[in-house]
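Construct the entire structure; sequences and hints are all you get.
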Amino acid sequence: MATEQQEHLKIEELQQLSPDQIEVMAGRDRENLEGWIPALATEAEIKDALEKAFDYRGDVTLTLKSGEVIEGYLYDRRQGKTLDDSLVRMMPSKGEDKSRRNIPYSEIAALNFSGRDTAAGKTFEAWVKKYWEKKAAGEKNIQIEPEKLD
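Residue 62 in the working numbering sits at position 55 of the sequence shown, with consecutive numbering throughout.
Take the hints with a grain of salt, since some may be wrong.
[As the list claims (entries may be wrong)] Here are the in silico distance ranges between beta carbons for each label pair:
1) Gln23 with Pro111: 40 to 46 Å
2) Glu14 with Lys136: 32 to 38 Å
3) Ser121 with Glu20: 32 to 38 Å
4) Asp62 with Ala117: 16 to 22 Å
5) Glu75 with Ile18: 40 to 46 Å
6) Glu14 with Gly102: 36 to 42 Å
7) Glu103 with Thr49: 30 to 36 Å
8) Gly145 with Asp55: 49 to 55 Å
Note that these hints are calculated values from the structure, not bench results.
Beta carbons: idealized from backbone N, C-alpha and C, even for Gly.
So, in structure tokens, the structure goes:
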């Protein structure tokens, strides 16, 4: 994550650009988090890892301090002043109870980016390349379908 100073400098830089220049800027780079098990030793590491889990496009596995293991999609987070005041909201994908859960940061012992990142490598440039390859091969009515999710 960027520091406040880096964010401030980026905002100043963007203020100097025209809307047309901003429109064609590259998107932000995404880390390959699939399979990553972050260290959750400090409060800052916990908050940073859970922020990345919120942006992740696959399932994560949380191990709670009680020993319970929950795998699912982390779809929301609320950061408070302390770990007790902060929570993640998750839709479990495995197990019998699939009701949405609110889990305080303070109850999380471990985090694993266990699911496949469903959007990894899926760029517009890759789609355009496939389109032109099919067109060059003489195909008609070209439709590039998204891959099936497991």
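Hint-by-hint comparison with the structure:
no., hint, result
1, Gln23 with Pro111: 40 to 46 Å, "42 Å, holds"
2, Glu14 with Lys136: 32 to 38 Å, "33 Å, holds"
3, Ser121 with Glu20: 32 to 38 Å, "37 Å, holds"
4, Asp62 with Ala117: 16 to 22 Å, "19 Å, holds"
5, Glu75 with Ile18: 40 to 46 Å, "41 Å, holds"
6, Glu14 with Gly102: 36 to 42 Å, "39 Å, holds"
7, Glu103 with Thr49: 30 to 36 Å, "34 Å, holds"
8, Gly145 with Asp55: 49 to 55 Å, "50 Å, holds"
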